[in-house]
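Got two chains here, each in a separate frame; can you build the complex from them with the hints?
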Amino acid sequence: MPTPGYTLQQERLVEAGHRDGRDLGELWRYRELFYFLAWRDILVRYKQTAVGIAWVLIKAMVTLLVLTVVFGRVAQLPSDGVPYPLLVFTAMLPWQFFAGALTDSSNSLVGNADLVAKIYFPRLIVPGSAMVVNLLDFAISCVVLALLLAWYGFAPDWRILTLPFFAILVAALTFGAGLWLSALTAEYRDFRFIVGFIVQLGLYVSPVGFSSSVVPEEWRVLYSLNPLVGVIDGFRWAILRGTPDFYWPALAMSCAFALLLLASGLWYFRRTERRFADVI
Amino acid sequence: MADVVLNAEGLGKQYLLRHRIAGYDTLREKIGGHLRRLASATRPAQDARAETLEEFWALRDVSLQIRQGEVVGLIGRNGAGKSTLLKIISRITEPTEGRLRIRGRAASLLEVGTGFHPELTGRENIYLNGAILGMPKSEIRAKFDEIVAFAEVAQFLDTPVKRYSSGMYVRLAFSVAAHLEPDILIVDEVLAVGDAAFQKKCLERMAEVARLGRTILFVSHNLGLVRSMCRRGVLLENGRVVCDDLAEAAVARYLEGIEATASTNLLERVQRRGTGRVRLSRLDIRDSSRTVTSKVEAGRAVQFVFHVTGRLPALTCSFTIYDSFGQAITCFDSALQSAPAPADEAAVPHFVCELGELFLTPGRYRINAALYCQDELLDHVESAAMLDVDQGISDARPVVATPGYGSVFMPHRWVGPC
Numbered sequence: 000m001p002t003p004g005y006t007l008q009q010e011r012l013v014e015a016g017h018r019d020g021r022d023l024g025e026l027w028r029y030r031e032l033f034y035f036l037a038w039r040d041i042l043v044r045y046k047q048t049a050v051g052i053a054w055v056l057i058k059a060m061v062t063l064l065v066l067t068v069v070f071g072r073v074a075q076l077p078s079d080g081v082p083y084p085l086l087v088f089t090a091m092l093p094w095q096f097f098a099g100a101l102t103d104s105s106n107s108l109v110g111n112a113d114l115v116a117k118i119y120f121p122r123l124i125v126p127g128s129a130m131v132v133n134l135l136d137f138a139i140s141c142v143v144l145a146l147l148l149a150w151y152g153f154a155p156d157w158r159i160l161t162l163p164f165f166a167i168l169v170a171a172l173t174f175g176a177g178l179w180l181s182a183l184t185a186e187y188r189d190f191r192f193i194v195g196f197i198v199q200l201g202l203y204v205s206p207v208g209f210s211s212s213v214v215p216e217e218w219r220v221l222y223s224l225n226p227l228v229g230v231i232d233g234f235r236w237a238i239l240r241g242t243p244d245f246y247w248p249a250l251a252m253s254c255a256f257a258l259l260l261l262a263s264g265l266w267y268f269r270r271t272e273r274r275f276a277d278v279i
Numbered sequence: 000m001a002d003v004v005l006n007a008e009g010l011g012k013q014y015l016l017r018h019r020i021a022g023y024d025t026l027r028e029k030i031g032g033h034l035r036r037l038a039s040a041t042r043p044a045q046d047a048r049a050e051t052l053e054e055f056w057a058l059r060d061v062s063l064q065i066r067q068g069e070v071v072g073l074i075g076r077n078g079a080g081k082s083t084l085l086k087i088i089s090r091i092t093e094p095t096e097g098r099l100r101i102r103g104r105a106a107s108l109l110e111v112g113t114g115f116h117p118e119l120t121g122r123e124n125i126y127l128n129g130a131i132l133g134m135p136k137s138e139i140r141a142k143f144d145e146i147v148a149f150a151e152v153a154q155f156l157d158t159p160v161k162r163y164s165s166g167m168y169v170r171l172a173f174s175v176a177a178h179l180e181p182d183i184l185i186v187d188e189v190l191a192v193g194d195a196a197f198q199k200k201c202l203e204r205m206a207e208v209a210r211l212g213r214t215i216l217f218v219s220h221n222l223g224l225v226r227s228m229c230r231r232g233v234l235l236e237n238g239r240v241v242c243d244d245l246a247e248a249a250v251a252r253y254l255e256g257i258e259a260t261a262s263t264n265l266l267e268r269v270q271r272r273g274t275g276r277v278r279l280s281r282l283d284i285r286d287s288s289r290t291v292t293s294k295v296e297a298g299r300a301v302q303f304v305f306h307v308t309g310r311l312p313a314l315t316c317s318f319t320i321y322d323s324f325g326q327a328i329t330c331f332d333s334a335l336q337s338a339p340a341p342a343d344e345a346a347v348p349h350f351v352c353e354l355g356e357l358f359l360t361p362g363r364y365r366i367n368a369a370l371y372c373q374d375e376l377l378d379h380v381e382s383a384a385m386l387d388v389d390q391g392i393s394d395a396r397p398v399v400a401t402p403g404y405g406s407v408f409m410p411h412r413w414v415g416p417c
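Protein chains in written order, with numbering that gives the first Met the number 0: chain A, 0 to 279; chain B, 0 to 417.
Everything labelled a hint here was simulated from the structure, so no lab data went into it. Don't take each hint at face value.
Derived contacts from chain A toward chain B, CB cut-off under 8 Å, selection only [stated by the list, open to error]:
id: 1; residue: Val13
id: 2; residue: Lys117
id: 3; residue: Leu147
Cβ-Cβ distance ranges computed for the label pairs, FRET-style [said to hold, decoys possible]:
id: 4; chain 1: B; residue 1: Arg98; chain 2: A; residue 2: Ala262; range: 38 to 48 Å
id: 5; chain 1: A; residue 1: Thr271; chain 2: B; residue 2: Gln64; range: 42 to 52 Å
id: 6; chain 1: A; residue 1: Ala262; chain 2: B; residue 2: Ala327; range: 26 to 36 Å
id: 7; chain 1: B; residue 1: Gln154; chain 2: A; residue 2: Gly51; range: 40 to 50 Å
id: 8; chain 1: B; residue 1: Glu255; chain 2: A; residue 2: Glu14; range: 53 to 63 Å
id: 9; chain 1: B; residue 1: Glu255; chain 2: A; residue 2: Ala112; range: 35 to 45 Å
id: 10; chain 1: B; residue 1: Arg210; chain 2: A; residue 2: Asp113; range: 37 to 47 Å
Okay, derived cross-link-like pairs now, EDC-like style, lysine to aspartate or glutamate, Cα gap no bigger than 20 Å in a straight line [what the hints assert, rightly or not]:
id: 11; chain 1: B; residue 1: Lys136; chain 2: A; residue 2: Asp40
id: 12; chain 1: B; residue 1: Lys142; chain 2: A; residue 2: Glu31
id: 13; chain 1: A; residue 1: Lys117; chain 2: A; residue 2: Glu272
id: 14; chain 1: B; residue 1: Lys161; chain 2: A; residue 2: Asp113
id: 15; chain 1: B; residue 1: Lys200; chain 2: B; residue 2: Glu145
id: 16; chain 1: A; residue 1: Lys46; chain 2: B; residue 2: Asp157
id: 17; chain 1: A; residue 1: Lys46; chain 2: B; residue 2: Glu118
id: 18; chain 1: B; residue 1: Lys294; chain 2: B; residue 2: Asp283
id: 19; chain 1: A; residue 1: Lys117; chain 2: B; residue 2: Glu180
id: 20; chain 1: B; residue 1: Lys136; chain 2: A; residue 2: Glu272
id: 21; chain 1: A; residue 1: Lys117; chain 2: B; residue 2: Glu93
id: 22; chain 1: A; residue 1: Lys117; chain 2: B; residue 2: Asp182
id: 23; chain 1: B; residue 1: Lys294; chain 2: B; residue 2: Asp389
id: 24; chain 1: B; residue 1: Lys161; chain 2: A; residue 2: Glu31
Being a predicted model, the structure only gives us computed values, none of them experimental. Even for Gly, the Cβ is constructed at its ideal location relative to N, Cα and C.
Chain B with its partners taken away, still in its complex shape (with noise of 0.2 Å):
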């Protein structure tokens, strides 16, 4: 079709990991590695130990074809292969099989602020930047002015970005990065920052230049941006494309997938990090009746039983809620509990968090936890459960969701009018 600007057919990139400690690639490994493999070469069971490499594929058979003017959500866990797929697309790194087809060229907003030198001063930040991003000097010259009134930092052109606050820096850094005008734009989570106001002036930014006919391909784990600033949606799941529609249903299987993975013995999930030495078992979510559920009402108390593995002596649980939109909401870590509880040897070692009162607005949670024994990562699962939370009753008043107005309620007191 003629309005295609790009056309992934079969993309795949592998990675080789190296599995030992992490450092500079330095020729005498490299040297020493091919010694190995002379010295070794009658031996080939003992080539087999030395050979430490892993090969992962990051993306693997990825077909897309977007059109001139779509504004496409790409979604998916960390790791699924969304950055890989924006490295390829904006050429920074080669596909190891497959073929894209790119009609026009792509900027992309990968990580504001690059190529920002500290030394320089605002004024020649923004054309230094420019340039890096691909502008043309008569281009930035011209957009000059939209740039320093969009950034809001007029007073502050000939002072070095290093005095900069940080807020001024990355207001900066996105202005220049919000007036470029490729024919694809990449926004990679880097709505992530500044203020709401500034916010919300970003998003209209990108309205209006997918308004000018421009592609964006938009990736965020704000599920709540991508419903409302995309009409498509592409899920990527373990490197491949899982799900290419909507984006309303595209969120809508993400979620259902994090669900899906939620499966009570956490110790069959893949998807972990940590060293191992003690894991998660399971994560059950006990209502005010102590009846474990998934649901419970707003208002009442509720307690999270974590069972894990084995017990150490600086054995500490945390775990953290996010909202439906991927936001965190509030976090639980038992090394700053108030005094620990006797343990009880003969029971499965466990922790649990007890709420006398559950302060979240109705609708739906996830919970990431964490094992810690001091600053070493045993274990963390992310999704080890969901929580449904119902409207319920709190300080004699009903507590009901407020979409777009937080998730967190406090007991209060109104006074007036007086």
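Same shape as in the complex, but just chain A (with noise of 0.2 Å):
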């Protein structure tokens, strides 16, 4: 007997291999989770820290310190005529940004194991919610790009205002890659490995500690074929003031690389998700 007042919603079917259309609506109706997740981990990333957030800076500068040191002082590498700690810290904003996020999201599903076990919810927004945090850092490292700028007196020209471009696609890269990773460490933990494997020499092939200039011309396709070699030079290109010899098909392919991933990336979760519970 109903009670009155209270109405029965639309009638949902599960069946093996099923899909339906509502799905999106579903993503939007679970947006709130979203938020908590993130939320949650921020919350939680830097609880029973002494220093708490300022971690992040303290992370960035120690890592602009040996870059600078190492590619600047040492190898002596070219700085494009722009003072070597900015040209390390322009690139080390996305590089922060992919490696963490990208560590973060693999291991989103394998982390949330117990609730991807026990309880119903869009999948996607865990992997997503895993970069939220990531963007928080993003945030920060941004302020403290605008005061290394006002200390070396560089101010940067129109071209800063194509940065949020850049930044769209270095989290559109890092998303596509993470859902392909997140999917797949769910079910073989090698994944773990390779992703480690993946941030700690992406640091070293990427132009992250030098300008991606010192390549030799003929090499430059080749190099260009790491789509961070593109997000890059453009995060350089938008806040350096453009830099001298602009490799445009880097940043072409970065694209192309970006929305092949996402596209391909989206398609690998979606698939495998119904088995994740299973498999986990």
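Encoded structure:
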């Protein structure tokens, strides 16, 4: 006997392999869970630490120092006419985000295994919300960059307005890769090591500590196969008033890569998500 | 029919069991498997050996219709498919075959406290857990005080839950879940937590939810609770529905089933665990006159004789007595006995556990028995025997059934009123 004022919702069909169009709307209905998971990660990240969020600064500063000394002073690499620390920091902005967000989102499904195995919600929320903490770190790093620019008396020009585009580019790239890796890690724990490997070696094969102009012309195409090359060059171009010989093919390749990873990552994630609870 | 909220047609869920030492699935194994299959393409005989997957249907051919406002008890042994069915209904996992139509939102209390984060405070966890269970923030805010009052943790709201006592933790977790208002509430054995007063509160809360016209699916091994909470009972056995009737009838059928499988030759039992190096072959209950029986009088001597299939140096036997609600009453372990009796090599290997007096009140009991060799579980048989205890006399006093007030009595003496 239905209670007055209590109406039943629409009917939903559950069947092997059945997907219905309401899934996207469902993602929207679960947006609060997305906020809460992100909020939890942010809250938990620096609980019971003495300096808290200052760790973002400490980490950035130490990395900056080491890279500047190693590549700028010891290796004496060219800096394209800007202070070497600025050259490094503009690249660290996307790099740190990529490294952090990729690691977090890849481990997110396994890290939330109890949720995945026991409660239903659109699984896309998990790797998505794991990236948000890194977005916060990214924002803090942007403030540090502003201070650094002021310190060196370096004023960016109109190109800085294109920065959001590059930020979206690196986010898309990372999210696409994160979708792949989180779904794969849920089933094969090997990918934990693979992600560690990508992040460790990526720092050296991407132009973080040096300008990509040091790469010989004939190797530029090959070098651009690393999608981060275009992204990092883009960040430098936008912040450092353009770069002498901006290599457009690299940026084009990064964009293509990001779209490809995002589309295929979504496809793979959606295809395997129904198995997560069984295999995780 | 219009008010059917849940309609399952031929639901089935298949799992692939891998027969190998459990571990992470690694790529190497997968790639290795492909290579082996490639290599053995010309030798099919070997391929069959390499294939170690076994199909296992956790659920098969389950058809159910549940109407709005029904409180349905789901019963069955461990591994009968109850949890799998609940997982499909709550959409955590997908059925392999069949279809399910659900009207409205199903929320499960599969395990209380899922998604609680130890570092977060009670207040923060209420919001987080509410969101995880699918409660909109506005709803959580509206019910916040109610939740806190229900859990009785008001003082500790701003303390990280890792500093909570386990009782507080469970109360808070249950309280958030209890204030959910889904269309279909799935309760899986969560009431086995907290103290008696809190359990009572939880049951009242469930009854209230049911009165509001919500549908409840209730899973429990506590048959007494199922009988009192639910009108309808569904009995699952080996992944199939074998009885869908009034709760009373389903529970009765379940108990019958347990008794029916209580054949005296334990070697015929399929449902058992353990390595099997030595197995239990028979369990005899002997009364005070040493006659094998299943009926004994309260307060009289009784012997439990466990026949086993072999001898091992450190072989031990243990068994547990359960009441008709599935509650463990007491257990016995030969590893803890005072002095082992010398083995009689000629006889069938067996253990005897002798009780000078049986301190159980009249009623029906169930015995699970196990064999161990140090830490290795050799054999474990559920419901190895049923034990009917009749009224009897102890210490010149009659021993009668005390339903609801425990099933153990102790020799005692009264003085007074003085």
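Comparing the hints with the structure gives:
1. Given hint, valine 13(A) at the interface with chain B, holds; its Cβ is 4 Å from that chain's nearest Cβ, closer than 8 Å.
2. Satisfaction of the interface hint for lysine 117(A) is found here, the shortest Cβ-Cβ separation to chain B being roughly 5 Å, below the 8 Å cut-off.
3. At its closest, the beta carbon of leucine 147(A) sits 33 Å from a beta carbon of chain B; the interface hint therefore is violated under the 8 Å criterion.
4. Distance hint check for arginine 98(B) and alanine 262(A): the Cβ-Cβ separation is about 30 Å, which falls outside the suggested range of 38 to 48 Å.
5. The hinted window of 42 to 52 Å between threonine 271(A) and glutamine 64(B) is violated, with their beta carbons roughly 32 Å apart.
6. For alanine 262(A) and alanine 327(B), the Cβ-Cβ distance of about 55 Å falls outside the hinted range of 26 to 36 Å, so the restraint is violated.
7. Judged by the Cβ atoms, the range 40 to 50 Å given for glutamine 154(B) and glycine 51(A) is violated: they are separated by roughly 26 Å.
8. The hinted range of 53 to 63 Å is not satisfied by glutamate 255(B) and glutamate 14(A), whose Cβ atoms lie roughly 35 Å apart.
9. The hinted window of 35 to 45 Å between glutamate 255(B) and alanine 112(A) holds, with their beta carbons roughly 39 Å apart.
10. A C-beta distance of roughly 32 Å is found between arginine 210(B) and aspartate 113(A), which places it outside the suggested range of 37 to 47 Å.
11. Proximity of lysine 136(B) to aspartate 40(A) is assessed by CA-CA distance (about 18 Å); at most 20 Å being required, the pair is judged to hold.
12. Of the supplied pair hints, the one linking lysine 142(B) and glutamate 31(A) holds, its CA atoms being roughly 17 Å apart against a limit of 20 Å.
13. For the given pair, lysine 117(A) sits about 14 Å from glutamate 272(A) by alpha-carbon distance, which is consistent with the 20 Å threshold.
14. Note on lysine 161(B) and aspartate 113(A): the hinted pairing holds, with a Cα-Cα distance of about 17 Å set against a maximum of 20 Å.
15. Simply put, lysine 200(B) and glutamate 145(B) have alpha-carbon atoms about 13 Å apart, close enough for the 20 Å limit, and the pair holds.
16. Under the criterion of a C-alpha separation no larger than 20 Å, the hint pairing lysine 46(A) with aspartate 157(B) is consistent with the structure, at around 14 Å.
17. At most 20 Å may separate the alpha-carbon atoms for a hinted pair to count; lysine 46(A) and glutamate 118(B) meet this at roughly 7 Å.
18. As the CA atoms of lysine 294(B) and aspartate 283(B) are separated by approximately 11 Å, the hinted pair is consistent with the 20 Å bound.
19. For the suggested pair lysine 117(A) and glutamate 180(B), the alpha carbons sit about 18 Å apart, so the restraint of at most 20 Å is met.
20. Note on lysine 136(B) and glutamate 272(A): the hinted pairing is violated, with a Cα-Cα distance of about 26 Å set against a maximum of 20 Å.
21. Between lysine 117(A) and glutamate 93(B), the direct Cα distance comes to roughly 13 Å. Compliance with the 20 Å bound is thereby established for this hinted pair.
22. Using a Cα cut-off of 20 Å, the hinted pair lysine 117(A) and aspartate 182(B) holds, with the two alpha carbons roughly 18 Å apart.
23. At most 20 Å may separate the alpha-carbon atoms for a hinted pair to count; lysine 294(B) and aspartate 389(B) meet this at roughly 7 Å.
24. Restraint check for lysine 161(B) and glutamate 31(A): the C-alpha separation of about 24 Å exceeds 20 Å, so the hint is violated.
Checked against the numbered hints above, the structure violates hints 3, 4, 5, 6, 7, 8, 10, 20, 24; every other hint is satisfied.
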